[in-house]
Structure formats: C-alpha cells, structure tokens
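Residue numbers (the UniProt record's numbering), protein chains in the order written: chain A, 1 to 406; chain B, 1 to 698.
None of these hints come from the bench; they were simulated from the model. These numbers were taken from a predicted model, which means no experiment stands behind them. No incorrect hints appear here.
Cut-off 30 Å, straight-line C-alpha distance, at most; resulting in silico cross-link-like pairs (BS3-like, lysine-lysine):
1. B/Lys421 x B/Lys66
2. A/Lys250 x A/Lys276
3. A/Lys199 x B/Lys195
4. A/Lys199 x B/Lys527
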Amino acid sequence: MTFVKCILPLLAATASVAVAAPAAAQMNHSNMPGMTMPMPAKKAPAKKPAAKKTIAKKPIAKKPAAKKAGPKKPVAQKGATKPADPHAGHDMSSMPGMQTPAASAPPQTTCLPEHAAMGHCTLPTTQPAPPPEPTCMPEHAAMGHCTPATTNTAEGTSFPAGNAPRPPVPTDHAGDAVYGTPAMEMGRHHLKEFHGDQKFFQALLNVFEAQLRNGRDGYEWDGEAWYGGDINRLWLKSEGEAAFGRPVEKAEVQALYSRAIGPYFNVQGGVRYDFKPNPSRVYATVGFEGLAPSFFDVEGALFLSNKGELMARLEGYYDQRITQRLILQPRAELNFAAQSSREIGVGKGLSDAELGLRLRYDIRREFAPYIGVQYRRAFGDTRQFLRAEGEDAAGWSVVSGIRMWF
Amino acid sequence: MIDNVALERRAFLRAAALTGAGFGVAGAMPAWAQPVSGGLVRPLPTVSGNDIALTIGKVAVRVDGKVSRAVGINGTVPGPLVRLKEGQKVRLRVQSTLDEESSIHWHGLLVPFAMDGVPGISFPGIMPRSTFDYEFEVNQSGTYWYHSHSAYQEEDGVYGPIVIDPAGPDPVAFDREHVLVLSDHSPMAGATIYKKLKQMGGGYFNMQRLTLSGQLAGRDLPASERREWAKMRMDPADIADVTGSTYNFTVNGFGPFDNWTGLFRPGERVRLRIINAAAQSNFNVRIPDLPMTVVQADGQNVRPVTVDELQIGVAETYDVVVTPGDRAYSFVSESIDRSGLGRATLAPREGMSAPVPPLRPRPVLTMKDMGMDMSGMNHGGMAGMAGMDMPNAPNPAAVRGVDPSAEQNASRNLWKLTGWKEPTDHGTIKSAAVAASAAMAGMDHAAMGHGTAAATPAPTGSMAGMDHSAMTQGAAGSGSMAGMDHSAMTGAAPTGGTAAAPMGHGASGGSMSHSMRDFSNAPQVDKNPGVQTISPNPVDRTGEPGAGLEGLDHRVLTYRDLVSLNRNPDVRAPTRSLDIHLTGNMERYMWSFDGVKMSEPAEPIPFRLNERVRVTLINDTMMPHPIHLHGHFFELVTGHGAYGPRKHTVNVAPGGKVSFDVTADAQGDWAFHCHNLYHMTAGMMRVVTVRPDQGGNQ
Chain A
1 MTFVKCILPL
11 LAATASVAVA
21 APAAAQMNHS
31 NMPGMTMPMP
41 AKKAPAKKPA
51 AKKTIAKKPI
61 AKKPAAKKAG
71 PKKPVAQKGA
81 TKPADPHAGH
91 DMSSMPGMQT
101 PAASAPPQTT
111 CLPEHAAMGH
121 CTLPTTQPAP
131 PPEPTCMPEH
141 AAMGHCTPAT
151 TNTAEGTSFP
161 AGNAPRPPVP
171 TDHAGDAVYG
181 TPAMEMGRHH
191 LKEFHGDQKF
201 FQALLNVFEA
211 QLRNGRDGYE
221 WDGEAWYGGD
231 INRLWLKSEG
241 EAAFGRPVEK
251 AEVQALYSRA
261 IGPYFNVQGG
271 VRYDFKPNPS
281 RVYATVGFEG
291 LAPSFFDVEG
301 ALFLSNKGEL
311 MARLEGYYDQ
321 RITQRLILQP
331 RAELNFAAQS
341 SREIGVGKGL
351 SDAELGLRLR
361 YDIRREFAPY
371 IGVQYRRAFG
381 DTRQFLRAEG
391 EDAAGWSVVS
401 GIRMWF
Chain B
1 MIDNVALERR
11 AFLRAAALTG
21 AGFGVAGAMP
31 AWAQPVSGGL
41 VRPLPTVSGN
51 DIALTIGKVA
61 VRVDGKVSRA
71 VGINGTVPGP
81 LVRLKEGQKV
91 RLRVQSTLDE
101 ESSIHWHGLL
111 VPFAMDGVPG
121 ISFPGIMPRS
131 TFDYEFEVNQ
141 SGTYWYHSHS
151 AYQEEDGVYG
161 PIVIDPAGPD
171 PVAFDREHVL
181 VLSDHSPMAG
191 ATIYKKLKQM
201 GGGYFNMQRL
211 TLSGQLAGRD
221 LPASERREWA
231 KMRMDPADIA
241 DVTGSTYNFT
251 VNGFGPFDNW
261 TGLFRPGERV
271 RLRIINAAAQ
281 SNFNVRIPDL
291 PMTVVQADGQ
301 NVRPVTVDEL
311 QIGVAETYDV
321 VVTPGDRAYS
331 FVSESIDRSG
341 LGRATLAPRE
351 GMSAPVPPLR
361 PRPVLTMKDM
371 GMDMSGMNHG
381 GMAGMAGMDM
391 PNAPNPAAVR
401 GVDPSAEQNA
411 SRNLWKLTGW
421 KEPTDHGTIK
431 SAAVAASAAM
441 AGMDHAAMGH
451 GTAAATPAPT
461 GSMAGMDHSA
471 MTQGAAGSGS
481 MAGMDHSAMT
491 GAAPTGGTAA
501 APMGHGASGG
511 SMSHSMRDFS
521 NAPQVDKNPG
531 VQTISPNPVD
541 RTGEPGAGLE
551 GLDHRVLTYR
561 DLVSLNRNPD
571 VRAPTRSLDI
581 HLTGNMERYM
591 WSFDGVKMSE
601 PAEPIPFRLN
611 ERVRVTLIND
621 TMMPHPIHLH
631 GHFFELVTGH
641 GAYGPRKHTV
651 NVAPGGKVSF
661 DVTADAQGDW
671 AFHCHNLYHM
681 TAGMMRVVTV
691 RPDQGGNQ
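Let the hints inform the model, and build the full structure from the sequences given.
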C-alpha cells in the first residue's frame, strides 16, 4: 500500500483525477479477485435506465471526425438509444433458477466476478460506476446491441462498434517505397518460405521385424515415406517378406501422389510395382490414408494390374498407450481380389488376412524396439495356391523388430 | 558510441577462447544475468546510448551444466539489455555473422514500419554477413524486448530485453530492479523442433499424454470421457506443443539448477521486469510467500493489482513490484503444461536459496477449451447460463491426479533438493487422493470474492456452483449438477437446447462431434484441411485464470484485473468491427488465421489510417494463442471503458475470444501473428496494412 502513496500524486496529474483517485485508493483492497479483505459495502445493483442514457449520449458527441460519418452515425445511435430493448428476454430475474447477485451473495460481496463479467454488477475494482445494467451482456455489447454498464465512464472500450465498411485491400507494399521492390521481393520470398510454405520429409518403418514360425523363420517390412507441403505430398510405400536364406517372396513398392482432402484424410493415387512374386506386375492404384475417429490409422487402396486383375487392400492400426513410452499396436491387413489368378497366387474374394499385436517401447519417438505376435491366414483359392506350392496357408509367428522413423 | 561493457566482454571472450572452451561458455552470459557466485555482485551493466552495436552470431551456451549450440547477440543468450531513455534517438547497428538471413524486431516499440524488422514486410531482412542500421526515436517507456523475426532464430537464442526509462518521473516507485527474461531452451535447433512437429504433431514432445495406466489408476479423465475425446480425434492432454521433454526453462539464460540470483536489501521495493521471450512456452509465474503487485503489462502502466500468481503468454511482459523480507525467495516460471519450470532466486545475500515448489499436475482440456461453453451461446434466455459458470472450478487432473507415467524434465526434482515442505505455500493443487467434493469445498471462495460456498448444491447456490468443466468430471460434476435447475433451460433457443442436452449427461462428445467443425459458425473461415475445428460457442474468457490455475487457493491475475493507469489516448467508439478466427489442425500441425496460411499467400488485413476498429479474435483451436500486432498498442475490451489495458500481445484462451480496440495510427505495413514461434512459422500470420483513406470501400 506504500505503493499507492507513490502513485497517487501522479494520478493527480492525469486528466482523470477526479474519478481515478478514489478508485486507486481503494484498489488494493478490492482489485484482486483472490483478496480476502472485505470489500467496500455497495448498494445492491438496481436498474437505472437514466444512467444508461447518459452513457449512451457520449458516442454521438465524441464521434470521430472521420469522413465515413454516414454509416457510423446510425450505429452509434442505435447502440446508444436502445441498449436493452431488443433483449428484454434476457432479464435474469425472469429465468427460473437464476439467482440475482444480490439475492445469492452475502451483503458485503454483492458482486461476484462472474456476474461482473457479465455486466450484472460492477466489481469494486473499477471506478465508481453508474448502476449496472443487468440486461446487457458483454457479448451483446460487442455486437452493438446494448451498452454494458461495467465501466465507470461510457467511453473508449465500452462503446459498441459501428459497422463502417472495410477499406479496400491495398495492392502495393509499403516497404517497396523505402527499400525498392527487388530487395523487398527477396524479403517476401523469405516471408512466404518460412511461414507456411516449408517442405518436409519423413520415412517410417512401422514394421521391420524378424518372424519366428514353425520351421519357416523369416522377416517382413512395411514402411512409407513422404515429401512435400501440407496439402500435396509424394508418398512411397513398400512392403514385403521373405524366409531367411531364401529369395524374397513378396516385395512391392508404391509411388503415390497424395492430397489432403480433409483435416484427417488424404487421397492417394499412383502406381504399384511388385518385384515378387514372379511374374512381376504393375498396378494402377488409388486409395486413401488417414486418421479415423478414435485415432485409428487406416488406409485402403484399389489396385488394377497390367493384366487386368483387380485387387483391394485395407489396413489399419491403433496405438494404445499403456504408458507414455510403452505402446501396444494391434494391426490388421486384409487383401481382396476380384478374380483368381494362379500366376500371382491370389484367389477371388478375401484372399488373405494378417492380424498382429506388437508391443513397443519408445526409447525415442523415432526408435522403438518391439515384440509381438502375428497370425496370418489365406482363404479360398489363395489357400489352394499356397498348398500347391507346399506352403502353410495359416499360422502364427512370434515377431521382434524395431519401429523407426526419421 | 559503442558501449564499453560490450567491448570488454568481447575482449573477455577472446581471452576465454584462448584459455579453453568451458571458460568460454561461462563467459557467454551477459554480466547482468550472471548468477551470484564467486562474489560476482554488480549493478546491471547495460548497452545504452545513442549508438548501439549488436552482433548476431553463433555461440555455445551452458544451461544446467549442459553445453549446446545456440545463436546469440554480442556473444550471449539472451542478448544484452538494451537500455534506452524516452525521448532519445537511437541508432542500433546490427551486424549478422550468420550465413543465413537474419533480423531484429523491437517488440512493443512504436517505430516507423521500415524499422520494425520483419523480413518481407518492413524491410528486406539482414542479409548473411552484413549489417543493418536501425534508427528511430524512442517515444515511450517501459519493459520490452527484441528478437529475430527470421526462420527459427528466436528459438535458437536471438532475443534480449529492452528497458526504456521514462522521460519524467516514473509512476512506479521502486528501490531496485531486476530484469527476468524467461525462455525455453532446447539442445535441438528450432528447425528440427518444427520438423518433428510437422512429422508427428503434438504427440512428439508431449510425455504427459493420457494412457491406459492412467485410466486404470483413475487419473485424468474417466474412460467415458476419454472415448468422447478420442472420437473427436482430440487430445485433452495437449496443453503445449513443445514441452520439457526437450526444453529447459530458463531465466536470463540460466536453467533452474544454475539458479540465477538477484539481490536486494530487505524491505526494498524490488521491481521485477518479467519478459516471456520463450519461443513456444507460456509460464505460470509466482514467488511463494511473496505477493506480486503488477504495475505494468506489455510496457504500459496499469493500476497496481496484487496477485500471488500470473500467467504470462509468449511475448508478453509484466512488471511487478515485490517487497521481500530478510530471506531468500524462489522465483518460479512453471510451463503451463507443467512439464518443467524455470527458477531463479531473489535473496538479500549471495549464495542463498529457497525451497522450490513441486511441479503441479498437468491440466487437461475441458469442454470450454473446445468452445463448447454455454454462456456466450445466443441471445435467448440461455444467455443467463453464464451465471452458472464458475471459472474457478479445479481442473479434472487436479482433482483426479495426473497420469502415473507422465514425465517432466529434471526440474521436477528441485522441490526435494531444496527442501520444500508442504503445505507452506498456497497455489499448490491438492493431491489426487482428495475427493472431488473435498476439492470443491477446499476452494477458498471467500478469497475469490464470492463470499459464498458456491459448490454447495443448495437450490440457491446451485447455479453459481454449476460449472461446465465440473460437469465433465464424474463425482464433482454430478454433485454440483444435482442442484442445477434444468427447467432454467427450457426457454433455450434450439441451438442451446441441442448443446445443453448432452451436457446434462456429463460427457457428451458423441453429439458434440457433429458441431465441432461447423463452418456456418464461422462463415469467413476458409474450408480446408488446415481447419480441424470451429468453436461452436466461443466465449470471452478474459476473466478466467489460465488453464490449470483454476481453483487455486490464492490470487491469480486475469486480464480483467488489468486497468490502464492512464486514460487511453483514443477513446472514440470503433467505427467498425473485425472478426479474426484463429484456426489450426493439430494432426497436420497447420496454423492459420481464418483458415488461410500466410504463405498461401494470404490477403493483407487493411486498416484506414487513424480509424478505430474493434478486433475480435476467436480461438477455434484447443491451444492458447498469444497474438501480437506490430507497431500498435491496442486496448482490451474488458469492461474498463477509457482505461482499457493497452497491450501489444494478447493470449487468447482455447475456445475463447478476446476483443480489443485499436487505433490504426501507424502508416505502413505491419506483421500480425501468433507469437508461438511454430504457429507463426506454420502460417499463423498476416500483414496488416495501414493506409490513408482512399475513399474506396469494399
């Protein structure tokens, strides 16, 4: 409070002395919402339209000397003369269950901060104020419907805003007149480049693992990489598998153009090339990729081969955080085909399904070793094709690998 | 004239470079920010005068004993204190030794636009290995700061404080002052941090997310609410994009273990000039056992208001006056996500320290942060619902406790190391074990000025005790809702009724999800993948304490507590109003105004010279955004008439809105942006043009 002493003389020098000084004097008791000191007793708020009128006159009198007085004037008057009337229905007292501040609070604290915020009453923080205008919410005031009564004087920020038109958008750049257009163009290039136009890159190996299964231990990968901006990106995807000591059984690469079509989803189109199994195939592909509600990562694609085979794939996974770093990832992949093709070993309908459950530990977000299990099963003709080659059509594996990205 | 101190330091650095790297690092701190150790007690040396030289260059810094690369000014991070006098003319010769473009922006200083230092808007930028002279008159006083406006250099260390002494007597009386520059220091380069955010969104740095173990332990949110948030693809634990998992929160360039110390004589009035120069971190600032009287905000004097804690948004400044006794005090700047804290000591003698409070539980977002609040909803009878809002209800995470696997940075251990004994301080949230009802009752309503126990579900008190965030909690919610008179809602307008219905059932995401991206609520927003959500019912939250400061048993500053000391220079009514939506997509890490990134390119926001405009910032995202307008001060519309607090930066709460009146009296082109560095670099920025009226309308 020594502080106040120092401040007072200065306040005295300001134009607002008369009103400001008393307020400052009491401020340290009352300006703080958390203060336990008793607040100065105040009269319970009461409606007093007269005060409101005084407030309202000011905008007209002090109207800025702008040229656009035309549109402004009516607005000021509107805000001034009919603060309450379009919102008669707002009267708090008419709301069942609603307590007026005066009724619900002890006598010495008639004004709750929330109510003050709504313009129901005046916190003693501000200067002695005209009686509050309970029907005027700040939101309404901001819209020019009424004049809030929370303030000491109806000036400045307590005025409603007019509806003057927006000025035209200039086509020139102010800096050009000072530094010349060529130099400023360089600066504008920097400005654009570093404020939303950056390009990024990410490569993610979601599955990169050894698989232990009955007699046929092998390995598998499934990853993706992208480069680009926020909306347009180039994607590469690859997945494949092999048994240890044997040639790669399956290997494919996709090159896709990806475009963001919503907050969470991208559409993707491009080509897929299968190196294995022989004979290799080229597919035209179109699909989607994104984040479904409940944070499921999903993707799906249609593939049309150069031999006319039509296939589809659905993939999804979910990261269940057990702790901040221990994450359980259930994962599923379903492959479908519109026809059976012995050549590529794919049967009509649901050709195969893969279900995995991997538990990883994020040593860093970019580097997470994991263990897990995977079940795979072929269906229909695919099953027959596999058996004909002496391979298992279904089976479990225990997997261990590293999820990583950079 | 080049300041002698700077010259001395340079000579010192040269000597240090010869004697060894470690010593050189120790030298890479400005003398005014040296910790009190080894008898190093001296008054603040400053860089001042009419001719000041600043050199931007690469440095090594040591924070809490760890050395990392940074970019500093005159060899230090933060850069030297630039001390000016109101009325003087100054020439600041800024030399860059970098191989990339650079710049210095004088944050909060009213300078001609061509001297404002934003590449591509006010000037071309400082080219690699070249010099640029800034010249302007100093026509103001107060606490400000300066920083690079190029690339990610602000994160890398290119920032420093400015203090301008008033030409006349200072209305603030004080015997001594300390400048406290708060920041977030990472061993990662800013460019890398931004890349990680682009690659993985907010999940990369957040090590305090919701987990299954937390759910099983009954922490944070109950399962039903977790599901509702997940359905909306929203993370209620996403409080900060970049956290203590990479940041060490610094004061004057020193980490919490370094313990920078400012001296005082007991009984002195000590003015602390607190500057949030962080790239991405908002802080909760407090000095346990020492109330702070706020006397200035953003360099502009305000009527003194005494608080125990304040939240300082990125790029804001607060001057507070404290009157410490004959003991040491801990100055604590806790990141709002409570992933770490900065710490300094105020002490009468060197070598002293005080207990440091523990990190409090990381808050979770509530429906209000989604702009789902009822109070601002419509013009019908529902408007009265605002009266039911109790902004001071404790956060669910404060009641239920935070995730057991949540990780914070090393500063989490300081309380043990410094011998903190509970309960010696207010402002410490009750532990998770406290039942919801107890927590509610534990709130000091009298201290909050309520004078009534609002949580009591008696018929009369029920409305006051009603809170939307409380409704989202299990126990606490049902308790206070019991007293809620649902018939009060019967008069609601249709939209109100729709939103109100699910609220009555506690968790409500299912029906909310439909309205979380309704562009009819914001027709001006461009409909594109960069806009994840539109707040259905944004409300003015300037009367609320920041996230996680609800329900504390001590005084917390809100924007509404700020009242300008002097009458505002322009008290005309605004001739028009302008809404600007703050938009983003956390998953893609895209940020924009009205859905349009700076780089699109976005159209400038035009102002007529000297027109007065009411600007309303509407936050459609779940993060706070400290919005900064260059070249102007604006007056917050917080119910203080001609005494609206004048600011250069205002932090808009999630799901909230803030209005300010601004007089566009500075002709030229100006930057207008979110001061979270990575939001700005993602595109949350515009050019504001101020031109004489051409007579044309649009």
